[in-house]
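Student: Under my numbering, the first residue of the sequence shown carries the number 136, and numbering increases by one thereafter.
Since the hints were derived computationally from the structure, they do not count as laboratory data. Nothing here was measured: the structure is a model prediction, and the numbers come from that model. We put the CB at the ideal spot given by N, CA and C, even for glycine. Mixed in with the good hints there might be a few duds.
[Said to hold, decoys possible] Pairwise CB distance ranges (calculated):
#1 Asp161 / Ile267: 39 to 45 Å
#2 Ala386 / Asn415: 30 to 36 Å
#3 Ser238 / Tyr212: 18 to 24 Å
#4 Asp403 / Pro240: 20 to 26 Å
#5 Gly378 / Ala191: 30 to 36 Å
#6 Thr231 / Gly324: 25 to 31 Å
#7 Leu370 / Gly189: 36 to 42 Å
#8 Gln303 / Val227: 49 to 55 Å
#9 Leu260 / Gly413: 39 to 45 Å
#10 Asp208 / Thr271: 19 to 25 Å
#11 Gly413 / Ser255: 41 to 47 Å
#12 Val227 / Gly413: 28 to 34 Å
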Amino acid sequence: MNPSRRGLILGAGAASLAGPTLAQTDGLVLNGRFVQGGFAMGRAAPRAIVFVNGEALTTASAAGLFVVGFDRDAPPYVDIEVHAGNSVGGRVARRTLTVAPGSFPSTRINGLPQSTVEPSDPALLARIQQEIALKTEGFASRADADDFRSGFAWPLDAYRVTSRWGSQRVLNGTPARPHYGIDLAAPAGSPIRAPADGIVTFARPGMHFEGGLTLIDHGQGLITAYLHQSRIEVLPTQRVARGTIIGRVGATGRATGPHLCWRMKWRDRNCDPSLLIGQNAPENS
Numbered sequence: 136m137n138p139s140r141r142g143l144i145l146g147a148g149a150a151s152l153a154g155p156t157l158a159q160t161d162g163l164v165l166n167g168r169f170v171q172g173g174f175a176m177g178r179a180a181p182r183a184i185v186f187v188n189g190e191a192l193t194t195a196s197a198a199g200l201f202v203v204g205f206d207r208d209a210p211p212y213v214d215i216e217v218h219a220g221n222s223v224g225g226r227v228a229r230r231t232l233t234v235a236p237g238s239f240p241s242t243r244i245n246g247l248p249q250s251t252v253e254p255s256d257p258a259l260l261a262r263i264q265q266e267i268a269l270k271t272e273g274f275a276s277r278a279d280a281d282d283f284r285s286g287f288a289w290p291l292d293a294y295r296v297t298s299r300w301g302s303q304r305v306l307n308g309t310p311a312r313p314h315y316g317i318d319l320a321a322p323a324g325s326p327i328r329a330p331a332d333g334i335v336t337f338a339r340p341g342m343h344f345e346g347g348l349t350l351i352d353h354g355q356g357l358i359t360a361y362l363h364q365s366r367i368e369v370l371p372t373q374r375v376a377r378g379t380i381i382g383r384v385g386a387t388g389r390a391t392g393p394h395l396c397w398r399m400k401w402r403d404r405n406c407d408p409s410l411l412i413g414q415n416a417p418e419n420s
């Protein structure tokens with residue numbers, strides 16, 4: 136069985152992938168996909184402070200919901216600790232999660248403009264740095280919300296997966312950083328829909344690598360990205376509902392054909408957005 140498809144069971148102070156929900160009498164409930172690139176959703180006391188491997192990284196919503204992302208290189212064990220009462224002196228609950236290794240194939244893509252693989256022109260390099268600063272600001276959003284609570288839907292009505300998340304890329308024969316998106320091929324102009332409620336934090340056409348790019352914050356820094364759009368149909372700060380058309384499939388930026396590259400970050404961690412499809416936040420214990 137694919138480990139990312141399993142659930143959770145409660146072990147001796149640890150969680151593994153094998154049952155529906157992880158809960159104890161201390162008020163902390165967790166579920167999710169405990170695999171590299173996956174996530175944990177939690178329910179704790181309202182506004183509880185959430186520590187991940189000893190570092191305070193997020194705060195639960197007014198409903199007590201929070202999310203934690205596991206990046207591609209997440210360690211095999213992740214400690215989650217919540218302090219109730221919005222204070223390190225409040226009631227504490229802890230879990231140690233076992234994070235399964237991911238499977239990341241290598242893929243080759245040829246025929247890309249060399250300027251999108253190894254840019255060297257000084258003016259282009261300056262433009263790229265400016266765009267990095269703009270994207271960084273968009274990804275820095277930390278909306279006080281829990282719009283992730285009802286899970287995600289696919290952003291396209293019809294598509295074909297052409298590149299899996301986390302694959303090692305070789306571009307025009309040159310090894311590149313891992314691909315932190317899942318590529319969904321679809322006809323140019325196909326509508327792209329918000330997979331969950333959220334707030335648009337960035338919307339800009341003509342990015343050098345990404346082409347038309349939109350970012351949506353679904354709460355607490357869980358941000359999805361939509362690359363290579365031919366048209367963007369939302370504006371920064373706009374609130375969108377699940378199913379809202381946010382743009383159209385294109386082949387702008389570093390692309391060889393029309394497709395949507397769908398990405399996700401939780402804070403600075405790259406995650407696989409497809410793992411949140413159909414995943415709801417846990418109920419009360």
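Student: Would you mind marking each hint as holding or not holding in the structure?
Tutor: Against the structure, the hints come out as follows:
Here the CB-CB span from Asp161 to Ile267 is close to 42 Å, well matched to the stated 39 to 45 Å. Against the hinted window of 30 to 36 Å, the Cβ-Cβ separation of Ala386 and Asn415 comes to about 34 Å, which satisfies the hint. For Ser238 paired with Tyr212, a C-beta distance near 19 Å keeps the hint of 18 to 24 Å intact. In this structure, Asp403 and Pro240 meet the distance hint of 20 to 26 Å, their C-beta atoms being roughly 24 Å apart.
For the pair Gly378 and Ala191, the supplied restraint of 30 to 36 Å holds, since their beta-carbon distance comes to about 34 Å. Our hint of 25 to 31 Å for Thr231 and Gly324 is violated, since their Cβ atoms are close to 47 Å apart. Hint check: Leu370 to Gly189, Cβ distance near 39 Å, so the stated range 36 to 42 Å holds. With their beta carbons about 40 Å apart, Gln303 and Val227 fall outside the hinted range of 49 to 55 Å.
Between Leu260 and Gly413 the beta carbons are some 42 Å apart, a value that agrees with the proposed interval 39 to 45 Å. With their beta carbons about 21 Å apart, Asp208 and Thr271 fall inside the hinted range of 19 to 25 Å. Hint check: Gly413 to Ser255, Cβ distance near 44 Å, so the stated range 41 to 47 Å holds. Distance hint check for Val227 and Gly413: the Cβ-Cβ separation is about 31 Å, which falls inside the suggested range of 28 to 34 Å.
Consistency with the previously given hints fails for numbers 6, 8, ordered from lowest to highest.
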